[in-house]
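Number of protein chains: 2
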Amino acid sequence: MISVAIMGHGVVGSGVAEILIHHNELISARVKTEVNVKYILDLRDFDGLSYSDKFIKDFEIILNDDDVKVVAEVMGGVNPAYDFVKKCLLKGKSVVTSNKELVAAKGAELIKIAEQNNVNFLFEASVGGGIPVLRPMVQCLAANRITEVSGILNGTTNYILNKMIVDNMDFDTALALAQEKGYAEKDPTADIEGHDACRKICILAALAFGKHIYPDQVSTEGITKISLDDVEYADNFGCVIKLIGHAELLESSKISIWVRPTVVSRECILSGVNGVFNAILVTGDQTGEVMFYGKGAGKEATASAVVADIMDCIKHIDARKYLSWEDGDSQSVADSNKPERLFVKIWSDSFEALEKQFHDTFGTAGIQFVKNKYRKEIAFITEEAFESETAEKLNSLENCNYKILHTML
Amino acid sequence: MISVAIMGHGVVGSGVAEILIHHNELISARVKTEVNVKYILDLRDFDGLSYSDKFIKDFEIILNDDDVKVVAEVMGGVNPAYDFVKKCLLKGKSVVTSNKELVAAKGAELIKIAEQNNVNFLFEASVGGGIPVLRPMVQCLAANRITEVSGILNGTTNYILNKMIVDNMDFDTALALAQEKGYAEKDPTADIEGHDACRKICILAALAFGKHIYPDQVSTEGITKISLDDVEYADNFGCVIKLIGHAELLESSKISIWVRPTVVSRECILSGVNGVFNAILVTGDQTGEVMFYGKGAGKEATASAVVADIMDCIKHIDARKYLSWEDGDSQSVADSNKPERLFVKIWSDSFEALEKQFHDTFGTAGIQFVKNKYRKEIAFITEEAFESETAEKLNSLENCNYKILHTML
Chain A
1 MISVAIMGHG VVGSGVAEIL IHHNELISAR VKTEVNVKYI LDLRDFDGLS
51 YSDKFIKDFE IILNDDDVKV VAEVMGGVNP AYDFVKKCLL KGKSVVTSNK
101 ELVAAKGAEL IKIAEQNNVN FLFEASVGGG IPVLRPMVQC LAANRITEVS
151 GILNGTTNYI LNKMIVDNMD FDTALALAQE KGYAEKDPTA DIEGHDACRK
201 ICILAALAFG KHIYPDQVST EGITKISLDD VEYADNFGCV IKLIGHAELL
251 ESSKISIWVR PTVVSRECIL SGVNGVFNAI LVTGDQTGEV MFYGKGAGKE
301 ATASAVVADI MDCIKHIDAR KYLSWEDGDS QSVADSNKPE RLFVKIWSDS
351 FEALEKQFHD TFGTAGIQFV KNKYRKEIAF ITEEAFESET AEKLNSLENC
401 NYKILHTML
Chain B
1 MISVAIMGHG VVGSGVAEIL IHHNELISAR VKTEVNVKYI LDLRDFDGLS
51 YSDKFIKDFE IILNDDDVKV VAEVMGGVNP AYDFVKKCLL KGKSVVTSNK
101 ELVAAKGAEL IKIAEQNNVN FLFEASVGGG IPVLRPMVQC LAANRITEVS
151 GILNGTTNYI LNKMIVDNMD FDTALALAQE KGYAEKDPTA DIEGHDACRK
201 ICILAALAFG KHIYPDQVST EGITKISLDD VEYADNFGCV IKLIGHAELL
251 ESSKISIWVR PTVVSRECIL SGVNGVFNAI LVTGDQTGEV MFYGKGAGKE
301 ATASAVVADI MDCIKHIDAR KYLSWEDGDS QSVADSNKPE RLFVKIWSDS
351 FEALEKQFHD TFGTAGIQFV KNKYRKEIAF ITEEAFESET AEKLNSLENC
401 NYKILHTML
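Residue numbers (this note's numbering), protein chains in the order written: chain A, 1 to 409; chain B, 1 to 409.
Keep in mind that the hints were calculated from the coordinates and are not lab data. Misleading hints may appear alongside valid ones.
The list treats identical chains as one, so a pair stands whether inside a single copy or across any two.
Here are the simulated lysine to any residue pairs, SDA-like style, with alpha carbons at most 25 angstroms apart [as the list claims (entries may be wrong)]:
#, residue 1, residue 2
1, Lys254, His195
2, Lys299, Val11
3, Lys112, Thr33
4, Lys356, Gly210
5, Lys32, Ser253
6, Lys57, Glu251
7, Lys86, Glu389
8, Lys112, Thr407
9, Lys254, Asp216
10, Lys373, Gly210
11, Lys57, Thr364
12, Lys91, Ser227
Please read these numbers as outputs of a predicted model, since none were measured by experiment.
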């Protein structure tokens with residue numbers, strides 16, 4: 001028999017408890033030993049559950065019970081999760097977590113502590129909820145050198161952008177709808193400003209390239225500035241706007257990493273990822289492009305990923321899983337700074353002057369463009385050029401405003 | 001040091017040899033022991049390679065060398081691969097294979113022999129080439145009950161259908177192009193008649209539902225009867241035609257399993273899988289839909305999946321991986337026989353008579369249809385009904401031919 005403790009009984013935590021307790025027979029059979037949920041740590045009271053007797057409020061009980069071999073941390077936030085997880089690992093308990101904030105902030109350190117104590121620290125659920133991606137990346141791509149990871153990593157923003165694309169809904173209305181449906185929090189900042197996606201691309205980059213990247217090293221831009229007409233112009237060019245997290249190993253061995261709204265061609269498989277779904281596109285030097293797709297959040301999906309990690313810990317109770325990376329440093333990250341095609345929108349008080357300047361500066365031979373006389377706007381996709389070159393041209397236009405979006409074209 | 005033998009030096013086998021030999025340092029470091037390719041079995045001569053000294057023609061040398069702990073079978077075909085693999089497993093050697101024909105025909109038996117001899121039998125590369133799908137299905141979905149698996153499992157047919165859809169190319173021209181590009185074999189039967197996809201859905205179903213399904217139990221239909229106007233009509237309904245392999249656990253605990261050209265809505269993520277790419281969509285009761293996408297074939301992709309399996313065998317040299325299913329039986333498979341929307345094309349010598357009969361028999365209220373007076377055809381998507389009901393209606397039409405395609409709508 002293996003005893004397990006669950007720290008946190010929120011959305012994910014209650015899901016984990018329910019699976020472990022209600023499907024206990026199936027799970028015990030699969031790991032070939034009885035799995036016993038011994039404690040659930042939460043400061044709140046949960047009366048009337050079939051397992052109400054398991055609740056405790058004092059973390060020390062878990063820490064000091066040598067029976068507990070595996071701990072699931074599903075509290076969220078860095079504190080006190082970090083302190084609790086660290087103490088558990090030091091005590092020789094394996095820990096699994098769905099907490100992306102914790103892994104993005106402290107992953108390298110916690111992995112090292114786990115290694116030193118010959119226990120496992122697993123976090124499949126921290127990226128892509130129920131989508132198996134971290135473990136397949138490590139195991140099945142073992143014989144590959146990963147060169148790039150790109151993903152739609154946040155279901156809330158993807159839902160909002162999708163509503164804008166498909167239903168022509170403006171940003172505020174789509175956000176309100178997402179909140180109403182429970183896809184967005186009351187305070188949606190972490191989602192719509194890209195912070196959530198940023199944490200996930202940090203974890204993916206660390207796994208792919210073996211070095212911790214900290215969230216504050218990532219150039220991060222959310223979707224709040226995307227307007228309905230950006231979405232329409234993109235559609236004219238056969239594209240959709242998605243919030244993409246991207247990490248790429250440059251020839252310099254540095255990593256280019258960002259989160260930003262990106263104009264994605266409908267030819268790209270990522271463009272078909274709709275609603276609250278997430279997808280992670282991994283490029284390996286041998287396999288080429290591989291994509292993992294599924295629900296990036298939600299109680300059942302995330303909880304089942306946590307439970308799968310718990311089961312893996314139980315099966316490997318005396319063996320370490322290979323899943324690690326080094327500490328990061330301030331030198332790891334660099335701009336990729338290569339020629340690229342940019343989506344540009346320019347507008348002005350005088351459409352005629354705008355039109356003339358546009359043709360004089362950008363020509364029209366090699367580029368796609370849409371003119372909107374009524375709005376006094378022109379939107380276009382540039383030829384391949386360094387961003388600085390395009391910006392210089394744009395700055396040379398007189399009495400003209402502009403907006404640039406990056407592309408995957 | 002661990003010694004490895006490779007049986008077969010064709011497209012995949014040479015790729016495996018190249019990765020293991022040319023990236024030896026990286027791979028040895030990752031598995032924390034030196035990996036030595038001791039033998040390569042092939043009846044042909046391969047002079048002038050940096051590793052020409054490793055070739056042997058006699059299988060017994062591998063079998064009787066106790067040094068060899070892991071064997072990669074990349075010969076293809078059931079014989080003599082089956083005999084060789086069985087003997088290796090019985091001798092206590094772990095075996096990895098990319099041979100879908102072998103796994104689909106003999107998987108349950110070989111897994112059992114591996115279990116009895118406490119060695120591993122892994123075959124990630126047998127489905128989806130370089131796409132990690134079998135292992136993630138087993139491991140990460142451990143806490144799920146899988147209810148359905150659907151996939152685009154054959155790159156050749158997907159390439160052909162894609163050419164028909166995008167470039168308006170007819171079947172024969174697209175096939176010839178695929179052959180020219182090396183995506184289709186000279187004898188394309190196994191691909192275009194669906195046999196290859198059939199083997200793969202057998203393997204996926206076995207893993208998902210724990211029971212071996214043999215290829216001859218699967219209702220299999222290829223793409224040779226798909227015409228360009230079928231593709232066009234599908235497009236009218238917002239759909240594309242894909243060769244889909246599907247397995248589903250019915251409430252009766254029987255499995256509905258088939259391979260057939262299917263009309264897929266552009267809303268479905270599988271519709272965006274283009275060219276030689278493959279994708280496998282797995283539905284779990286907890287995670288919902290999860291999809292794995294990538295190149296389903298190709299030397300590097302498949303070889304890297306074989307090498308990853310070899311590395312996994314080396315890491316688990318004394319431990320069994322949990323990857324198994326039971327023998328199949330004639331009772332496992334059943335028709336799902338539930339109401340469904342069908343794609344139907346009807347044609348006749350008299351368009352007026354056809355039109356009248358169509359309206360009289362099917363009505364037009366709830367269904368989508370396209371009339372083509374010039375071709376004297378009507379294509380439509382039925383309302384939900386049992387296939388037998390729709391067929392009955394169609395058979396009642398006078399002087400009328402029809403064609404039915406199943407849908408995923």
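Each hint tested on the structure:
In this assembly of identical chains, the alpha carbons of Lys254 and His195 lie at most 25 angstroms apart only when taken from the same copy (22 angstroms versus 46 angstroms across copies). Taking CA atoms no more than 25 angstroms apart as the test, Lys299 paired with Val11 passes inside one copy only; the shortest distance there is 6 angstroms, against 44 angstroms between copies. Proximity of Lys112 to Thr33 under the C-alpha cut-off of 25 angstroms is restricted to the inter-copy arrangement: shortest distance 21 angstroms between copies versus 28 angstroms within a copy. Taking CA atoms no more than 25 angstroms apart as the test, Lys356 paired with Gly210 passes in neither setting, with 50 angstroms inside one copy and 68 angstroms between copies.
Taking identical chains as interchangeable, the C-alpha atoms of Lys32 and Ser253 lie at most 25 angstroms apart only when they sit on different chains, with a minimum of 24 angstroms there against 44 angstroms within one chain. In this assembly of identical chains, Lys57 and Glu251 lie within 25 angstroms of each other by CA distance neither inside one copy nor across copies; the values are 51 angstroms within and 42 angstroms between. Taking CA atoms no more than 25 angstroms apart as the test, Lys86 paired with Glu389 passes in neither setting, with 48 angstroms inside one copy and 63 angstroms between copies. Within a single copy, Lys112 and Thr407 get their C-alpha atoms no closer than 37 angstroms, and across copies no closer than 51 angstroms, so neither meets the 25 angstroms cut-off.
For a Cα distance limit of 25 angstroms, the shortest separation of Lys254 from Asp216 inside one copy, 16 angstroms, qualifies, whereas the shortest one across copies, 52 angstroms, does not. Neither within a single protomer nor between protomers do Lys373 and Gly210 lie at most 25 angstroms apart by alpha-carbon distance, with minima of 51 angstroms and 63 angstroms respectively. Within a single copy, Lys57 and Thr364 get their C-alpha atoms no closer than 67 angstroms, and across copies no closer than 64 angstroms, so neither meets the 25 angstroms cut-off. For the homomeric pair Lys91 and Ser227, neither the shortest alpha-carbon distance inside one copy (51 angstroms) nor that between copies (66 angstroms) is at most 25 angstroms.
Hints 4, 6, 7, 8, 10, 11, 12, counting from the list given before, are not met by this structure.
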